[in-house]
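Q: Construct the complete structure from the given sequences, taking the supplied hints into account.
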Amino acid sequence: TVPNCVCGAKRVFEFQILPSILHALDVDARAATTGLGEVDGDDNGNNDNDDVMDLITTGGMNWGSVAVYSCSESCDASREEYMIVQEA
Numbered sequence: 007t008v009p010n011c012v013c014g015a016k017r018v019f020e021f022q023i024l025p026s027i028l029h030a031l032d033v034d035a036r037a038a039t040t041g042l043g044e045v046d047g048d049d050n051g052n053n054d055n056d057d058v059m060d061l062i063t064t065g066g067m068n069w070g071s072v073a074v075y076s077c078s079e080s081c082d083a084s085r086e087e088y089m090i091v092q093e094a
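Each position in the sequence shown, counted from 1, maps to that position plus 6 in the working numbering.
Wrong hints could be hidden among the right ones.
As the list claims (entries may be wrong) - Here are the computed distance ranges between Cβ atoms for each label pair:
1) A15 x N68: 29 to 37 Å
2) I90 x L28: 15 to 23 Å
3) P9 x S71: 17 to 25 Å
4) E20 x E93: 16 to 24 Å
5) G14 x A35: 39 to 47 Å
Keep in mind the hints are simulated off the structure, nothing from the lab.
Note that CB positions come from ideal geometry on N, CA and C, so glycine has one too.
A: So this is what it looks like as C-alpha cells:
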C-alpha cells in the first residue's frame with residue numbers, strides 16, 4: 007500500500023519507469039567504459055559515481071518496473087515521491 011503524503015493527502019500514481027529505459031540510456035556501454043567511474047571525482051580521489059558503477063556492474067540496474075506516486079494535492083510539504091520497485 008502507498009502511504010499518504012506528510013500533509014495527509016493521498017498519493018496518486020504519477021508515472022512508471024520500465025527497464026527498456028536502460029537500453030535507451032545505453033547502460034551496458036557505460037558500464038563497459040571507465041568513463042563513468044571518473045566523473046565527479048573530488049581532489050581527494052573520492053568518486054561520487056562509485057555507487058552507481060557498483061549497481062551497474064553487479065546487476066543492480068535490473069528491475070521489472072518502477073511505479074512513482076506523488077501527493078494528490080502537490081503540497082509544498084511533499085519533497086519526495088514514493089516508489090514501488092517490482093523486481094525483475
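Q: With reference to the structure, classify each hint as holding or not holding.
A: How the hints compare with the structure:
About 33 Å separates the C-beta atoms of A15 and N68, a value consistent with the hinted range of 29 to 37 Å. The hinted range of 15 to 23 Å is satisfied by I90 and L28, whose Cβ atoms lie roughly 18 Å apart. Here the CB-CB span from P9 to S71 is close to 19 Å, well matched to the stated 17 to 25 Å. Between E20 and E93, the C-beta spacing of about 21 Å keeps the proposed range 16 to 24 Å intact.
The hinted range of 39 to 47 Å is satisfied by G14 and A35, whose Cβ atoms lie roughly 45 Å apart.
Checked against the numbered hints above, the structure breaks none of them.
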